[in-house]
Amino acid sequence: MLKYTLRRILGMIPMLFLISVVVFTLALAMPGDPFSGEIDPNNTDPEYIEEMREKLGLNDPIHVQYGRWITNFVQGDFGKSTRYKMPVSDLIAERMPNTIFLGVTSLAITYILAFAMGMYAGRRPYTPGDHFIGGFNYFGLAIPSYIAGVFAIYLFSFQLGWIPFQGSVDITLEKGTLDYWISKIHHVITPAIVLGLLSTASYTQFLRNDIIENSRKDFVRTARAKGTPERKIYNVHILRNSVIPLITFLGFDIVTLVNGAIITEAIFTYPGIGQLFLSSVTNQDYPVLMTLTMMFSFLVLLGNLIADILYGVVDPRIRLD
Amino acid sequence: MNKDLDKKVPLLEVRDLETAFKIDGQYHNAVDKVSFTVDRGKIVGVVGESGCGKSVMSLSIMKLLPKGAGEILGGEVIFDGKNIEHLSEKEMNKIRGKDISMIFQEPMTSLNPVFTIGYQIEEVLHNHFNISKQDARNQSIKLLKSVGISRAEQVVNEYPHQLSGGMRQRVMIAMAIACQPKLLIADEPTTALDVTVQAQILDLLKDVQSVNDMAIILITHDLGVVAEICDEVIVMYAGEIVERSDVRSLFKNPKHPYTQQLMNSIPKLDAEEEKLGSIKGIVPSLKEMPRVGCKFANRCPKAMPECTEITPVLAEDEKGHEVSCLLFEASKTEEGTKIT
Ligand SMILES: Nc1ncnc2c1ncn2[C@@H]1O[C@H](COP(=O)(O)OP(=O)(O)O)[C@@H](O)[C@H]1O
Ligand SMILES: [Mg+2]
Numbered sequence: 001m002l003k004y005t006l007r008r009i010l011g012m013i014p015m016l017f018l019i020s021v022v023v024f025t026l027a028l029a030m031p032g033d034p035f036s037g038e039i040d041p042n043n044t045d046p047e048y049i050e051e052m053r054e055k056l057g058l059n060d061p062i063h064v065q066y067g068r069w070i071t072n073f074v075q076g077d078f079g080k081s082t083r084y085k086m087p088v089s090d091l092i093a094e095r096m097p098n099t100i101f102l103g104v105t106s107l108a109i110t111y112i113l114a115f116a117m118g119m120y121a122g123r124r125p126y127t128p129g130d131h132f133i134g135g136f137n138y139f140g141l142a143i144p145s146y147i148a149g150v151f152a153i154y155l156f157s158f159q160l161g162w163i164p165f166q167g168s169v170d171i172t173l174e175k176g177t178l179d180y181w182i183s184k185i186h187h188v189i190t191p192a193i194v195l196g197l198l199s200t201a202s203y204t205q206f207l208r209n210d211i212i213e214n215s216r217k218d219f220v221r222t223a224r225a226k227g228t229p230e231r232k233i234y235n236v237h238i239l240r241n242s243v244i245p246l247i248t249f250l251g252f253d254i255v256t257l258v259n260g261a262i263i264t265e266a267i268f269t270y271p272g273i274g275q276l277f278l279s280s281v282t283n284q285d286y287p288v289l290m291t292l293t294m295m296f297s298f299l300v301l302l303g304n305l306i307a308d309i310l311y312g313v314v315d316p317r318i319r320l321d
Numbered sequence: 001m002n003k004d005l006d007k008k009v010p011l012l013e014v015r016d017l018e019t020a021f022k023i024d025g026q027y028h029n030a031v032d033k034v035s036f037t038v039d040r041g042k043i044v045g046v047v048g049e050s051g052c053g054k055s056v057m058s059l060s061i062m063k064l065l066p067k068g069a070g071e072i073l074g075g076e077v078i079f080d081g082k083n084i085e086h087l088s089e090k091e092m093n094k095i096r097g098k099d100i101s102m103i104f105q106e107p108m109t110s111l112n113p114v115f116t117i118g119y120q121i122e123e124v125l126h127n128h129f130n131i132s133k134q135d136a137r138n139q140s141i142k143l144l145k146s147v148g149i150s151r152a153e154q155v156v157n158e159y160p161h162q163l164s165g166g167m168r169q170r171v172m173i174a175m176a177i178a179c180q181p182k183l184l185i186a187d188e189p190t191t192a193l194d195v196t197v198q199a200q201i202l203d204l205l206k207d208v209q210s211v212n213d214m215a216i217i218l219i220t221h222d223l224g225v226v227a228e229i230c231d232e233v234i235v236m237y238a239g240e241i242v243e244r245s246d247v248r249s250l251f252k253n254p255k256h257p258y259t260q261q262l263m264n265s266i267p268k269l270d271a272e273e274e275k276l277g278s279i280k281g282i283v284p285s286l287k288e289m290p291r292v293g294c295k296f297a298n299r300c301p302k303a304m305p306e307c308t309e310i311t312p313v314l315a316e317d318e319k320g321h322e323v324s325c326l327l328f329e330a331s332k333t334e335e336g337t338k339i340t
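These protein sequence lines are chains A and B, in that order.
Just so we're aligned: the first sequence equals residues 1 to 321 in the numbering used here.
Just so we're aligned: the second sequence equals residues 1 to 340 in the numbering used here.
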């Protein structure tokens, strides 16, 4: 398992290299100089600009520029944001906890709801309860998250005043106190629900169908023939089998969360990575944009790796080596 | 109850068991008024081509029919003097695996792929006894050894996919005998296995039968297997019992044309010819089942005109040998003609 993991991580390096070349090339092809953040935009003296370009290495051949960028990058120096005038790493470190908090909360919501509804419906297929859950899920699938988000803000913030409509915490509160954490949860809960419901519907129906399929398997009949109670047959024998395909999703969830966070954070003005990404696009903040793109690509690869490893952990028939 | 009296009451008595599947809103019987008894410690073979209702009958006894598909329409199943046909699911669970166990045709899919062999054997012990984890583990190792698995200590920690078909069927047998049941129903336990393994599993079944003094209902479509290990035989065709007798009498004097044809299709080891005398035609599907007359009539070489008009009944033609065919006087009764 360890060997397998190491091999897969090594296998990521060429992928990441290719991605970095693409990212760098795209950045160069974009309007404006990607690395001109140090140049004072108010000073239009061509001599000054030329001097700065020379100093920043913008006149070097492309491969030299790429070499310099990637060398710094792997050493953790992602450059300086052209807009915020601070190191990209600091900027990301500041936003990251918010996005992770949002992601984990929404994942928890997805899985709790999907398991509760999927297990209920799978055990009682074609009953009114199953149809109700199915209907609810198709309704959920049909509504795009940005509409649900805007609607939630309108109803719960503006009309009812139950939840805040922006930020990640009440800034007047002292960090680390109980009130501070309650405020954080209060801020995260609506975007987390909107984001979490995004995958809930498909997971629920997937789990339901898999449970129904497994309940017809021979091993279920064997368990019955042993006198195993129905509850245990569903919650242990069948569920343990039906969890396996769901585990693969967990890897892709990371990607879904990042994508979903971009929209959801923007709607709820929630200061996380997604919002940073959007603002860096509008502001042509290339160092931030490039770093985030690299980071998202890495997360996709990491998500796949995690899915494969989890697969090997939960399914005894799969051996990773 | 005193021991001698106990011996006289059959272990299992099935009376007029009727199981049907609903097809296009109509019930079609897959098991049609089947009655028989199984005595303690005896091996009863049930033979018949595939599709004759052998599996449905055994699943009906265990009340393990696929949910929403099969339905028991009538009849009684009396096990150990107690009618178990009306028991709730919860009460049935106390009997399944403990007093009556079952093993199936497909050892490859009958075990849960994601649990260890040990877990799956121990589960049946935990279901029926208040037993500690350690005791259950020791017990399951002992059981595995008793079914001829010498690497039992390792096998308890292995998963089904790591074992061969024959090994898995041994595991199924170990699981089935774990609580020392009085009756074991084995539904074609060797059909899916290699010939050499088949013989080993049959020997094993005979062994565990004598060690535990349990009765076995052995379902098979192979009369050769029956001749080898059974005490009694039930021949089934199209959901009905067409002949029933002790093994010796059946092989000496098969009465029903269907039984005779089945016997002709047993491969003879010394015979030169490759071709088996297999029976022409196929078992009718549930929907095309004739409602009046003998269901075998259309495939029967000895069919007479009345065979499609009068329904024969299963009756004793000579002591201990029952048959359901109009060639025999006993089968022709007034009630023989059913009007539907
Ligand atoms: N789940 C089911 N739904 C509908 N018909 C079934 C089902 N299971 C069995 N049958 C029908 O019942 C009859 C008896 O089947 P079965 O007991 O499996 O035969 P055997 O075990 O003797 O080969 C067959 O005609 C079969 O098609
Ligand atoms: Mg069968």
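If you're looking for bench data, these hints aren't it; they were derived computationally from the structure.
Do not rely on the hints blindly, as some may be mistaken.
[To be verified] In silico DSS-like pairs for lysine-lysine, Cα to Cα no more than 27 Å straight-line:
#  : chain 1 : residue 1 : chain 2 : residue 2
1  : B       : Lys145    : B       : Lys133
2  : B       : Lys63     : A       : Lys217
3  : B       : Lys67     : A       : Lys232
4  : B       : Lys90     : A       : Lys232
5  : B       : Lys319    : B       : Lys42
6  : B       : Lys182    : A       : Lys232
7  : B       : Lys63     : B       : Lys90
8  : A       : Lys217    : B       : Lys319
9  : A       : Lys217    : B       : Lys90
10 : A       : Lys217    : B       : Lys22
11 : B       : Lys98     : A       : Lys232
12 : A       : Lys232    : B       : Lys142
13 : A       : Lys232    : B       : Lys94
14 : A       : Lys217    : B       : Lys98
15 : A       : Lys217    : B       : Lys287
16 : B       : Lys133    : A       : Lys232
17 : B       : Lys33     : B       : Lys319
18 : B       : Lys319    : A       : Lys232
19 : B       : Lys206    : B       : Lys94
[To be verified] If you anchor each label on the Cβ, the simulated ranges turn out as follows:
#  : chain 1 : residue 1 : chain 2 : residue 2 : range
20 : B       : Phe251    : A       : Ala116    : 37 to 45 Å
21 : A       : Phe136    : B       : Glu288    : 42 to 50 Å
22 : B       : Lys133    : A       : Phe136    : 38 to 46 Å
All residues carry an ideal CB built from backbone N, CA and C; glycine is no exception.
Of the hints stated earlier, which fail here?
8, 18, 20
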